[in-house]
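**Q** So the protein sequences, as listed, match chains A and B.
The numbering of the first sequence is this note's numbering, which starts it at 1 and goes up by one.
The numbering of the second sequence is this note's numbering, which starts it at 1 and goes up by one.
Restricting the straight-line Cα-Cα distance to at most 27 angstroms, the calculated cross-link-like pairs of lysine-lysine (DSS-like) are:
id, chain 1, residue 1, chain 2, residue 2
1, A, 8, A, 230
2, A, 230, B, 341
3, B, 341, A, 58
4, B, 465, B, 304
5, A, 58, A, 211
6, A, 8, A, 166
For the record, the hints were derived by calculation from the structure and aren't laboratory data.
Keep in mind the model is a prediction, meaning the values are calculated, not measured.
What follows is each chain in one-letter form.
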Amino acid sequence: MAEQKNKKWGMVIDLDRCTGCQACTTACSMENNVAFVGEKDAGYGRSMQWIRIQRYWKGQYPEVTPTYQPMLCQQCGNAPCEPVCPVFASVHSDIEQINLQVYNRCVGTRYCANNCPYLARTFNWFDYQIPEIMTNYLNPNVTVRRRGIMEKCTFCVQRIHGGTEKAKAEGREVTDADVQPACALACPTDAIIFGDLNNPDSPVGQAARNKRGFRVYEELGTDPKVIYLKAGGKYGG
Amino acid sequence: MAAETRVLNHAAAEKSEEDHREHLMLDPRPRETLNRWVMEAMLTTTPRYWIMVIVLGLLVAVLLFGAWGNQIAVGMGVTSKTRPVFWVTYITTFVFWIGISHAGTFVSAILRVFKAEFRRPFTRAAELMTTFGLAAGALFPLIHLGRVWIFYWLVPYPNARWLWPNLRSPVLWDFLAINTYLLSSTIYLYLPLIPDLAMARDRTTGIRHFIYKILALGWRGTEAEWHRIRTAINIFAFAIIPVMFSVHTIVSWDFAVSMVVGWHSTIFGPYFIIGAILSGVSAVVMILAVLRATMKHMDYFIRKEHFDALGKLVLIFSLAWAYFFYNDFLLSWYGGDEALKRVITFHAEGPMAWMWYLMLVCNILIPAVTLWNKKIRTSPWLMFIITTLINVGMYFERFLIIPVNLSHQRSPFDWGEFNLTPTDIMIPLGTLCLFLFLYLVMSRLIPLVPVWEVQEGQMAHTLRKVGKAEVTSVSELE
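Next up, chain A with everything else stripped away, as it sits in the complex:
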């Protein structure tokens, strides 16, 4: 059995390729049992999307073009949400090096959500009813959350675990192909690249060295693990 090295799971999002189609949002919701809040609450800003498309307009009317920025939990290396939680519901995992939310511990102070500069966290304002027939769609690997609980993107930690276990059983090193999250798989333009940032030869490792790369609010010292590639510049479309 191969030795399992510590992985630094990370993501590169190429804004040049993003078309704003929201396939990632949909895939994420189905994979992670994210609740649908209904029209009224969604209109009020309570829609629960672990990854959302932030749309900005560029230029003056009538020459406006939209730009899209998928925003999700940046899995900060130095996460602002972690120290403020009084009950250790927001914790850092040593093995996956990601930021986890332990739903069962959460008491719902919502402090973490206030302190997140990316506002990547969503809160269960109500118990959102799932129609009987729809329960068959729920992913059995992911907890269904009840009201009063904070939740957020986990980099599909169930897939990371599943892939790692599978590789271990087969006696080989886990590869990026084993652990792709739902959003990266669903992206029709391959704008989302996921993998081990420690491996310089992997697609994500190569993309991370791209000159267009930047990290959102890096100046705050959060050490995010999601790298964006700038759109519309010298190096790309």
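Model the placement of chain B on the given structure of chain A, informed by the hints.
**A** Frame of chain A; chain B shown alone:
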């Protein structure tokens, strides 16, 4: 030269008009009369009082516990909270109550330590405000929890979950600070109460006598007992001052240690303390005005001189608050951080700008214009109106800091609005009713005037004739 003479003549005329009997300390009555008055004030209940108690009790049941129960059963969504405004009126009202509760102890302990004589008749009314203000405020960390039924997970005790609370979290600092303050201020309320409880014990029968007997701890009033209680009160008065400063600093750290634009400010500690004292001293004035108007014999104990003295304090703290507000604003602006600049512009120009201007008018303009005037300071109802406005301004200050700042964070995509719902307003109003209810009930259960302190003060003050002038002399008792 002529101008100087005019000023001196004017001062002399003012002095001769002043009647020493206006001061409580120089208007002594026999001790038995004072005792009887305090007992009468405590034991007199009019039908109006009972109607107030019943109405407030019902309001607490409906507004606080009804709305809260509904929120627990249905979900936090019944409030106006949304992304990005995760805290709205609950934390605002929490900070407001902790601020109010500040000044009770501030007025009592600081004035006791500095031996300010005018404190004597109203220390207890102020301390009671601290205790019940904390009781009302301490509910909010529970009310605002998404899953309040497991609130005990925040309490540090050895448990089956094998999990200690996170001591890095400001929520836990709050928990510890508020508990410390509640405990120490309750003891500080109780200690000076013991001689008065003994006084009440000796003048009541039946169940009241029985309760006072237990609470008075067998007080007889011997010299040794007085010596011990003075020592104890003195220790507590000194010790509680740093506790009081730490509590509101810790409340401000809830915001200051975070990364939220407009919260992350090192001046928040003193700024919050000054704001708390301003709103708290104002609340003391409000309570004294109401007590004076509604309770028997209170117009003897609480006089114009007290409103005058407290009015000066309010004015000083209003100016100090203005200074700290300016500091906070100036440094935010001068720092040049783009996001922070947008937030402070949003305060002054956004849809909620009226709150910002209302806050400045109520907290700076109104006290600065009115409280210089002695006529206004000595008029209880005008003081009541002014201090109410100050508290309205202070509420909006906290409102601006919490939900309004949250609605305008770094990323423009996340700028959000919130529309207050009935629950948002009912629960804070419910805690106001709870505070009034508890205060009203307690005002008939314990002597609201520390009568032994008044008697002690009156014994210490005498008028002496020096030449033609009457001079107040104060002897050291303690």
